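From first to last, the protein sequence lines stand for chains Z, Y and E.
When we follow our numbering, the leftmost residue of the first sequence carries the number 1, and every step to the right adds one.
When we follow our numbering, the leftmost residue of the second sequence carries the number 597, and every step to the right adds one.
When we follow our numbering, the leftmost residue of the third sequence carries the number 1272, and every step to the right adds one.
It is worth saying that the hints were derived from the structure and are not from the lab.
Just so it is clear, the structure is predicted and the values come from calculations on it, not from any experiment.
All C-beta atoms in this analysis are idealised placements derived from N, C-alpha and C, irrespective of residue type, glycine included.
Be aware that a few hints might be false.
Stated by the list, open to error - Looking from chain E toward chain Z, a few residues come up when the C-beta cut is under 8 Å (computed):
#1 Glu1277
#2 Gly1288
#3 Gln1296
#4 Ala1310
#5 Cys1312
#6 Ile1313
#7 Val1315
#8 Tyr1324
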Amino acid sequence: MATAPVIRTDPFLLEIIRNHLITTCKEMGIAMMRTSYSPMFNEALDFSCVVFDGEGEMVAQAPFVPAQIGSTVHIVPTAIAEIGVENLKPGDVIFTNDQYRSNCHLPEFVVIKPYFHEGRVLAYTANIAHMTDVGGMVPAAFGDHQNCFQEGIRFPPVKVYEEDREVESIFKILISNVRTPKHSYGDMKAMIGSLYLAERRIAELVERYGVESFVQCCEDIKDVSERLMRAEIASWPDGEYTADGLLEDDGVVADRPWKIQGTLVIRGDELIVDFTGSDPQCFGPANQTFGTTASSAYNAVLHMVRSDIPYNHGCYRPISVIAPPGSFMNVSYPAASTGGNSDTHPTTVDVLLKAFSQFSEASSAADGGTCGCIGFGGEAPDTHEPYAHLHLEGVGWGGRNDADGNDAQFVKNGNCANTPVEVAETRYPFLNMEYQLEPGKVGHGRHRGGYGTRRVFRFLADGVHIGSHTNRHRVKAWGLNDGHDGTNTVIAFRRKGESEWVRAREAFGSASYGKFSNIVMNAGDEMLFVTPSGGGYGDPLERDPALVLLDWADGLLPADEASAVYGVVIDEAASAVDEAATQARREELRSEGSAR
Amino acid sequence: MSVRAGVDTGGTFTDLVLLDEQTGKIRMAKVLSTPKQPQQAVFDSFAKAGLETSEISAFVHGTTVATNALIERRGANVALLTTDGFRDILRIQRVTRPNHFDLHWVKPRHFVPRSRCVGIPERVLRDGEVLIPLDEDAVRAEVRRLRDSGEVAAIAVSYIFSFVNPDHELRTRELIHEEWPGVLVSLSHEVLPRWREYERTSTTVLDAYLKPLMHDYMARLEAQCDEGGIDQLFILRSNGGVQTPERAREQPVSLVRSGPSGGIMATAALGKSLGLGDLIACDMGGTSFEACLLPGSEPAFTNLEELEYGVPIALTMVDARAIGAGGGSLAWMDAAGILKVGPRSAGADPGPACYGRGGTQATTTDANVVLGRLAPEFLLAGDLKLDVEAAGRALDPLAEALGLSRERVAQGVVDVANSNMAQALRLVSTDRGYDPRGSTLVAYGGAGPLHACELARALQIGQVLIPLYPGAFSAFGALLADARFDYTRTAWMRMRSLDLGRINDLFAGMERRAVDDFAREGFAEAPKLVRSVEMRYVGQNWELAVSMPGGELTQADFDRAAKLFEEEHERFYGYSIPGEELELLTFNVAAVGTRQQVELPKLERGAAPEPVDRRPVIFDASVGAVETAIYHRDSFPAGAEIHGPAVVGQTDATTLIPPGAVARVDDHGNLLITV
Amino acid sequence: MSIYREVNEMPRCGACGKLLTVGGQVEERLGHRIVFCSAQCIRVFDTYKAPKYGDAAVWPESIAR
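Next up, chain Z with everything else stripped away, as it sits in the complex (with noise of 0.2 Å):
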């Protein structure tokens, strides 16, 4: 057990220098929103900004995507210790996107801005955007590549502003390599723009406070962290907790599904995450990269412990990553990845919560397990421009035992926002003519799951390029405690004038029902999204009737699935439970079950 650590700053300052640095993380972030280019960045929000001292150390983060934020914690210090610290100059920007080197995966672009003072560089900030488009053989990255070659353009880590001006052959390389030059390149400066908007707030503090307590307050922030966190972990009992779930498949190889297995070591006030016992790295995207791996790992750690401690690098000083190279979770050259960062990491929190369970309430059931990665590209037919717009999509979350899970809500790894059909239709040759709940659909359970959703899109021009990356089409969301597996993913097509809505598998002759690249639409053709509802946590037969009674108000559960799995007969002309029967049902459905 480690001592504990001293903390010498004022509590007091302590706060305030925290606060600013979240506040910065803030502010950098709705700088992006409102200066970004695609909606990736200005609807979606699928970026993280964050603040690391000079140690190369996070200090703060905000509540953004965890999968990027997680990954930070190895490429950000794997990027500065490859340029070297003595090559950093006032002004400089580094860059990359690179898969192997600790990112999460190859869209990710990373930007990082030390922070001189005197001479001394005393901070870092950092953006970690995931980029639409990034050349490759998919519009928008998401399909079933099979090696990074066809994954798109990889940058190790590279200056990109040099002494605050751009390193134009860098920037020339990358607009030339990608399908939307414009968009890249506004996005690239909005990320670089809010690196310089941080510097600026952490410049005042340095100013107002010093440079040695903003020192010892970085690392105070961290010890703080650090305590806490360890607390909670010697609060769980000692031992070794193994868990294991599938991926589907990784769209190369049919009917294939990839194992996952994690163990959890607790030791005190320390935990090991090993995951030993996992299948090799698999032929297409799904592969995790050992960024995405020790991401998915704090992200399933973070969502057990409870949720007022500052994240930064002290919460991560606990845990351990044991991820074998070569391995479904810990990818090597040159095999793709893609996939691994938005469906495989869902999955792999949702194991090691499965593995949390065997001694905590507070787990919950496997939510919907996938981002719901869709790639869009083509040409304009107004203004002949490419375009390429990557459509994400929340999903059913699992029950816990306090509560329902959260219906449409993004996945676990990500925590990014719908982009808004307003704006999605006003931009790109698509329209969407259903986007709403899938009544019916759901993991049902004492908290059921959260229920997914149901769009239709309808193309209004030819040549749309669509490729995905999506999972749960045929591994549901698993229950938990005796909850109802979740229901799967859908994604068919149905050209202009058919009625039967055909799957990629059979329509297109992919390996996979979610994981394919270049299926063409044209003008008037159609294609349904389904997402998948969340596991269900602990027995329907003691779910509270009233809230079966709601969900059947609400037009998402019916009546006779109400008595079926529920055992709650609903008098419907009353629109209430009738309780005695209710009783009686239940006791019928128990003495069934028990019966089997």
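Fit chains Y and E to the given chain Z structure using the hints.
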């Protein structure tokens, strides 16, 4: 005799400020609010001031009735008609969550259950073209069903792209009224004619939710004003302008920030009359702290507000940032041993421990009492007795846990509260790219003047202004507010291919409407018209508003606007992209009817009075108490200079002047403090 | 950097599996020279990985070249 009355109805108190239009004399009165019949307190306040209602020429009202109805969810049952296929828009929301690692967060339910959200077959496209015509039979059938259910009191209508082509929403309202005359209806393109369907629908639903309640309130208020012979009644909106009660009940969601906007408008007026330039308003009451930036003494506005996480009210309103930090905020310690203050509050009951009404947990006010920073002899004219020992006892558990003295902990509580408030001040100033350091901090509300100098120092602000009646400043603001109507039209255009004819038509049309509306609403003079255009780089998604001159616009005007945009972009976000093409989206006209200026009475000039007392006050616990002069503010003549350390008491607030700060009394009795 | 190396030529930490572009600490364990990224990882190897997995604890990607 003619008197102008400003009334601010808060959660606890209703404040009245009266201006005698002949003599310029100001009077104030404070009564307890009457939440069940809010207009009662208004008339109580007139009575308390000894005023006959027939003496009132104009009465301007700021109210938190709408705000509180939303917070407490006491509005009407609403049904939502939306485009078929989008029935669950309120439940889906934007799919994000406030804490990225909280497994136990429960997504808030919006104000209409799924069973009362109805999809209507119809569809308009981005250019206004109709893809699916409105199914009128479906509307009629649904309205009849809702009417017969007896469960609904108002209907919100929000269709996709209605802000581009409102025909279907307008026709829907006609159909609703044919089937159900008299039911209250809110249309999304009228409430918020802007893109982003969820934000527009959410705002429209909240509007409908407030409509029956505000309709009744306005009707009762108007009736009572008529009866009392009050000529003119105006209601203060969230954007700081006033409007007639008819407009207020047509769009009650525009009143959600009616309360705080009074103080902010008063700050603006005061700043302008004193030529102070950039201001930051801070209003600290019993439970909350509101901050607002006023660059060049003009209030900042926002349209990104949320009632709670995921429930946006996307209307333009004063950009006040509220946090749970007031005199009654509770001090506590978290598991890491870090001292926290707020957001929970002791409220009015039991209130701070020092009020002696049974409170035992330490509050910010208790900490101030222990430090000797209050002048209780003047508060509420001496009616409020403070129990210093009770305040100290309340701090003891924290002192013990932290191993510090009472005084040191009291100092810590004040420091942490100040730090929280400083963060709120930072968010309103830095969000918009402004450095607060050149600004004047204007502090009001019951507790604002007590913390103002320390907040100013935390933000390196050099000057603080404490208005004459800080405790009733919001009511005073209601008295000063201008009439303001906003007009907005959306029209997509690129800077390199402007349709000048169309733009000039758009502006002319909005301005004609503004002039007509002002005449119709009974304003004697034509409004001042302020134009702006919202633009962005082609490809961006959020706009910056650039102001435009009046009259016939030419290409040269837009060349200037483009340059202005680059400068603003550089200033807000640290960079610009010279040569990048701009697109224009939204054309705005704000019509402002300036009220007759309020000439505040001038004080006699004179030297600083002798303090009424001297006693030890702690400004810095590590130094200990210092002998401090206690003054009564009513005794200050114009031109007096007070050197800190000093405590200045008055009936509605206490002003703390720390060592090193110097306060000067201006001609109208305001305190200008150099910190 | 004199010669650019692709990532497949770089070692992975013997405990966590992270790619090490520069630096790293080489330790003799179970008859191999293994690269580690930190003292914490060496401790995890010694107190958990090696006792639990024996020779299988050594990944070929982590052996110093």
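Verification of the supplied hints:
no.	hint	result
1	Glu1277	holds, 7 Å
2	Gly1288	holds, 4 Å
3	Gln1296	violated, 13 Å
4	Ala1310	violated, 11 Å
5	Cys1312	holds, 7 Å
6	Ile1313	violated, 11 Å
7	Val1315	holds, 5 Å
8	Tyr1324	holds, 7 Å
In the structure shown, a violation is registered for the earlier hints numbered 3, 4, 6, in ascending order.
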